[in-house]
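Q: Residue strings, one per chain:
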Amino acid sequence: MAPSEDLVCCPVCDALHEIHGVTDGKRLRCVRCNTVIAVDRPEAIVRIVVLASTSLVLMFIVIFFPFLELRNGVFDSRASVFETAMAFNRGVMAPLAIAVTLFVIVLPVSRLVCFIWALGPLSFDRPPLPGAAFTLRLAETLRPWAMAEIFMIGVAVALVKLGDLATLAMGPAFWSFAAIVFITALQDTQLSKYSIWTALDTASRR
Amino acid sequence: MDGTGHRIAALTAREAGLVGCQHCTRVSPMGTRTCTRCGGSLESRDRTSMQRVWAWWLVGLMAYIPANLYPMLLTRTVGQVQDATIVGGVIELAHHGAYGVAGIVFFASVIIPVGKFIAIAYLATIVRRPHGHKPGQLLHLYEVVEWIGRWSMIDVFVVAILAALVQFNLLATINPGVAAVCFALSVVFTMLAAMSFDSRRIWDQIRQTSDESPA
Ligand SMILES: [Zn+2]
Ligand SMILES: [Zn+2]
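From first to last, the protein sequence lines are chains A and B.
Just so you know, we're using the numbering used here here: the first sequence kicks off at 11 and counts up by one.
Just so you know, we're using the numbering used here here: the second sequence kicks off at 68 and counts up by one.
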């Protein structure tokens, strides 16, 4: 069988499907494993770029402002995500510092930058920047390793653990972080591999 | 079906003499190494997949054992040092009456990792030979394992946050223990094990025994 642009494979189970233009708002699911292969939502690209840009701005607040403050009369302690990551930077624990920095700061930020780089020009009807395909693939690869939302649950557990030791207050970064987690979840529902790659293809040809 | 896609009698790209891209869904002639659209590497079936699954699975298990034996959290209060292992931390939370949070931590640090070891081993064993299991159910199991694995990191982050907050005061100091490193490594290794698994293999063997049943 000759490969053609109308022929796509299911990324999960390899079943072949023919696509003759997915119509408005419809979704094409794999006949065998039910994975969503294509979603026709032309506005999805713009939405992803807007959400990614918003998250990126919020991320700066998250990294440098305190997200938790600890008070018990005698002492006052506050921690930013940056300080949390640096808490381990001695001796054997250094690998942990690197891991926390990567999972909570570096990888989520990289993923956002990748999305904006690859899809940003498309939302202004411009041809894509060089390396757009690579950054888009990278964004997909990074997905499981960006763990901002898991860190949030960690914050909640830490609150309970310290509850009777001191009074805790949420800092501004906590709320920014909560917003990012929500935005990221929204952004991921907009994704369909076929549709995004087709959009990138179309923009490259212009 | 709610799309305009056309079913080609559950023919796979491999059977049609094509190789499908798992990054962008484009198909290319068999033997193509890199995808013409996205530049990702193409492999009709990942031949080293199973070896990698078992290798990561094994190192993950090797890291998980010390993660449970050594202390996760070292708390120093005036003249007194307290160690807490993963399970010890959960028990302590329960003693404080925080049953909900104790449940979350127990689920993330014990149930998920143990369940993952069992599920990955089960999947990797089953797809080697022709099997009569429903592929849809196996895929669901795989998707759950792949999605839930990262949530085990909760306890590592809790230790990090506690250590950062309660570091510079005189009443108490909290430091991460060796188990925090082991546990983080174990989570990363099992995530890699789950990712190395080629989900397309679930369907390859089913067809040799029974006719493919709809998922
Ligand atoms: Zn499929
Ligand atoms: Zn591709």
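Just so you know, these hints were derived from the structure itself, not from any lab.
Hints are supplied without guarantee of correctness; some may be wrong.
As the list claims (entries may be wrong) - What the simulated footprint calls covered on chain A by chain B, stretch by stretch (three residues with Cβ under 8 Å from a Cβ of chain B suffice, anywhere in the stretch; the number is not a length):
| id | stretch |
| --- | --- |
| 1 | 51-57 |
| 2 | 158-172 |
What the hints assert, rightly or not - Cβ pair distances, simulated, as ranges:
| id | chain 1 | residue 1 | chain 2 | residue 2 | range |
| --- | --- | --- | --- | --- | --- |
| 3 | A | ARG57 | B | GLY146 | 51 to 59 Å |
| 4 | A | SER14 | B | GLY170 | 47 to 55 Å |
| 5 | B | THR240 | A | MET180 | 22 to 30 Å |
| 6 | A | ALA189 | B | VAL181 | 32 to 40 Å |
| 7 | A | MET96 | B | GLU110 | 34 to 42 Å |
| 8 | B | SER108 | A | VAL60 | 27 to 35 Å |
| 9 | A | ASP211 | B | ALA188 | 38 to 46 Å |
| 10 | A | GLY173 | B | ILE185 | 32 to 40 Å |
| 11 | A | GLY173 | B | TRP214 | 25 to 33 Å |
| 12 | A | LEU196 | B | ILE178 | 25 to 33 Å |
| 13 | B | ILE185 | A | ARG136 | 47 to 55 Å |
| 14 | B | GLY182 | A | ALA12 | 21 to 29 Å |
| 15 | A | GLY141 | B | LEU125 | 33 to 41 Å |
From the three backbone atoms N, C-alpha and C, an ideal C-beta is built for every residue, glycine too.
Q: Are the hints correct? Go through all of them and say.
A: Hints, verified against the model:
no.: 1; hint: 51-57; result: violated (count 0)
no.: 2; hint: 158-172; result: holds (count 11)
no.: 3; hint: ARG57/A with GLY146/B: 51 to 59 Å; result: holds, 57 Å
no.: 4; hint: SER14/A with GLY170/B: 47 to 55 Å; result: holds, 52 Å
no.: 5; hint: THR240/B with MET180/A: 22 to 30 Å; result: holds, 23 Å
no.: 6; hint: ALA189/A with VAL181/B: 32 to 40 Å; result: holds, 34 Å
no.: 7; hint: MET96/A with GLU110/B: 34 to 42 Å; result: holds, 40 Å
no.: 8; hint: SER108/B with VAL60/A: 27 to 35 Å; result: holds, 32 Å
no.: 9; hint: ASP211/A with ALA188/B: 38 to 46 Å; result: holds, 40 Å
no.: 10; hint: GLY173/A with ILE185/B: 32 to 40 Å; result: holds, 35 Å
no.: 11; hint: GLY173/A with TRP214/B: 25 to 33 Å; result: holds, 30 Å
no.: 12; hint: LEU196/A with ILE178/B: 25 to 33 Å; result: holds, 28 Å
no.: 13; hint: ILE185/B with ARG136/A: 47 to 55 Å; result: holds, 50 Å
no.: 14; hint: GLY182/B with ALA12/A: 21 to 29 Å; result: violated, 44 Å
no.: 15; hint: GLY141/A with LEU125/B: 33 to 41 Å; result: holds, 37 Å
Hint compliance for this structure: hints 1, 14 are broken, all remaining hints hold.
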